[in-house]
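The task is simple: from the sequences and hints, build the whole structure.
Protein chains: 2
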Amino acid sequence: MDVVTQNRCFDGVQMVCTHPSEVCGTDMTFAVYLPPQSGIGPVPVLWYLSGLTCTHENAMTKGGFQEHAAAHGLAVVFPDTSPRGDGVADDEAYDLGQGAGFYVNATRAPWATHYRMYDYVLTELRDLVMDQFPLADRHGITGHSMGGHGALTLALRNQDRFDSVSAFAPIANPTQSDWGRKQLSAYLGDDESAWACYDSSILLEEYGWKDAILIDQGAGDQFLDLLRPEALAGVLARRRQAGLVRMQPGYDHSYYFVASFAGEHVAWHADRLHRPQS
Amino acid sequence: MDVVTQNRCFDGVQMVCTHPSEVCGTDMTFAVYLPPQSGIGPVPVLWYLSGLTCTHENAMTKGGFQEHAAAHGLAVVFPDTSPRGDGVADDEAYDLGQGAGFYVNATRAPWATHYRMYDYVLTELRDLVMDQFPLADRHGITGHSMGGHGALTLALRNQDRFDSVSAFAPIANPTQSDWGRKQLSAYLGDDESAWACYDSSILLEEYGWKDAILIDQGAGDQFLDLLRPEALAGVLARRRQAGLVRMQPGYDHSYYFVASFAGEHVAWHADRLHRPQS
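Chains H and R, in that order, give the protein sequences.
Following numbering that gives the first Met the number 0, the numbering of the first sequence begins with 0 at its first residue and continues without gaps.
Following numbering that gives the first Met the number 0, the numbering of the second sequence begins with 0 at its first residue and continues without gaps.
Hint data in this document are derived by calculation from the structure and do not stem from the laboratory.
None of the values given here were measured: they were computed from a predicted structure.
Take these hints with a grain of salt, some might be off.
Unchecked claim - List time: in silico DSBU-like cross-link candidates among lysine-lysine, alpha-carbon distance up to 35 Å:
id	chain 1	residue 1	chain 2	residue 2
1	R	K61	R	K181
2	R	K209	H	K181
3	H	K61	H	K209
4	R	K209	R	K61
5	H	K61	R	K61
6	H	K209	H	K181
7	H	K61	R	K181
8	H	K181	H	K61
9	R	K181	R	K209
As the list claims (entries may be wrong) - Stretches of chain H that chain R covers, calculated by requiring three or more beta carbons in the stretch to come under 8 Å of a beta carbon on chain R:
id	stretch
10	17–29
11	256–267
As the list claims (entries may be wrong) - Covered stretches of chain R (chain H as the covering partner; in silico rule of three or more C-beta atoms under 8 Å from a C-beta of chain H):
id	stretch
12	6–12
13	142–150
14	244–256
Just so you know, even glycine gets a beta-carbon here, dropped at the ideal spot from N, CA and C.
Below is the structure:
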């Protein structure tokens, strides 16, 4: 692993690192914020998964998470949204290929070679950061848009590996949305039965979640039709699942929305990640 | 004035606007954050001046000021750092011409035609925002690097127009620095006596400031030799000027430094701007 940049930030340190990824078969970049408390002992980890077109950098510079993470003693890991590079398959569209990994393990050519963001985040990057930084083995996960989809998917399918989950304007029902059907078809093929394990509305219906879930959604979001929060909210209510789906009046899909509620999400995860483990 | 973008942010609104500037003789872009309190009545204004190479956008997206401004009921105005456009003189160097207006009124060709950022910020943009937005006539000013120089220069020379001043890693003594001598020579000519009114160390020596001044400076700043905080700190001490020059260990010149102390600067200004006027 190489440290590319390192900046002092809220008495902790914001780092950008690269490493060769076996899972993705290419070099990968990620960012990690270590709060001041990590100088004293291991701190829990909040995973933040970004949306379409983003890299590790967008939320790192525009999300405002560091101030809250420093206040609450959490590390934050910002993975990239796909493998990248000349040898990595891509598409001209902004919503397929590089920058649009959708947090799946692709099974179809040309994507299957490198596009394995599900395994990458769940195991390889997790093992790497646990090995390299002073982190406690307590993990929360959140994300925005495609990253909200990734966060919910990863948590709901791996309840032993995550202690808390939330999302900002997640793609909540990708099997029924143009943000989903196109990508799942490309990455996984046309058999829709293979898609269900990447749809958080279906997963929540099937598995529930062991604790409360926090979802924030801008009521003025320009992509509401693609995000389909009504699907997830419906499951939450039907299943009597503990949690909050908050429709936030006036907010759109931008990082101004994410930043506005970043503090509450970090506090939500901190409450759970600092709890004594049962 | 045209509103280019408008995003809900911490229950207020972040706007980007353009307007034809008489002072600069070209269209100018600026950003303004209006906190939720501006929906009830006029709010005081914090001016944030940016550094070399920046536009109105950098601090707006990376500084994290909105959260604190919302908490304290301040508007924040982010002007651009120079006139821009095809008809506006420029230089290939990053530190002269577009993006590097230095908050002066240029008097030499080819700069004198458009480069009048001192007057632009002090009068034209001020009149415009006071006219267009629900703002109280109470003004604080801060800035980063070249913008810290601008903030100090504007406040020290116009003590009736500003109620509070602070700076992040300001170019504190430009008449003695390569960040200053080059630009002042280009914009104002070789007669150094014309430069003194744009050097905050000289201005503080001459005028003092009616209240306390807050300066934050990263002790690990890669540009310390160019910023010359020792000049301003020396004047502050010699003159028994109320204020703090805080050398912050480990911090560099980046927006991670600015964001880390943005909350304390906003609180500093809010304390003063919300005081009953004497």
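Consistency of the hints with the structure:
1. R:K61 / R:K181: Holds, at roughly 29 Å.
2. R:K209 / H:K181: Judged against 35 Å, a Cα distance of about 63 Å means the pair is violated.
3. H:K61 / H:K209: holds, 31 Å
4. R:K209 / R:K61: With a Cα-Cα distance of about 31 Å, the restraint between K209 of chain R and K61 of chain R holds, given a limit of 35 Å.
5. H:K61 / R:K61: holds, 5 Å
6. H:K209 / H:K181: holds, 31 Å
7. H:K61 / R:K181: OK: K61 of chain H and K181 of chain R at ~33 Å, within 35 Å.
8. H:K181 / H:K61: OK: K181 of chain H and K61 of chain H at ~29 Å, within 35 Å.
9. R:K181 / R:K209: holds, 31 Å
10. 17–29: violated (count 0)
11. 256–267: Coverage by chain R holds here, the residue count being 4 at a Cβ distance below 8 Å.
12. 6–12: holds (count 5)
13. 142–150: violated (count 0)
14. 244–256: holds (count 7)
Going through the hint list in order, the structure does not satisfy hints 2, 10 and 13.
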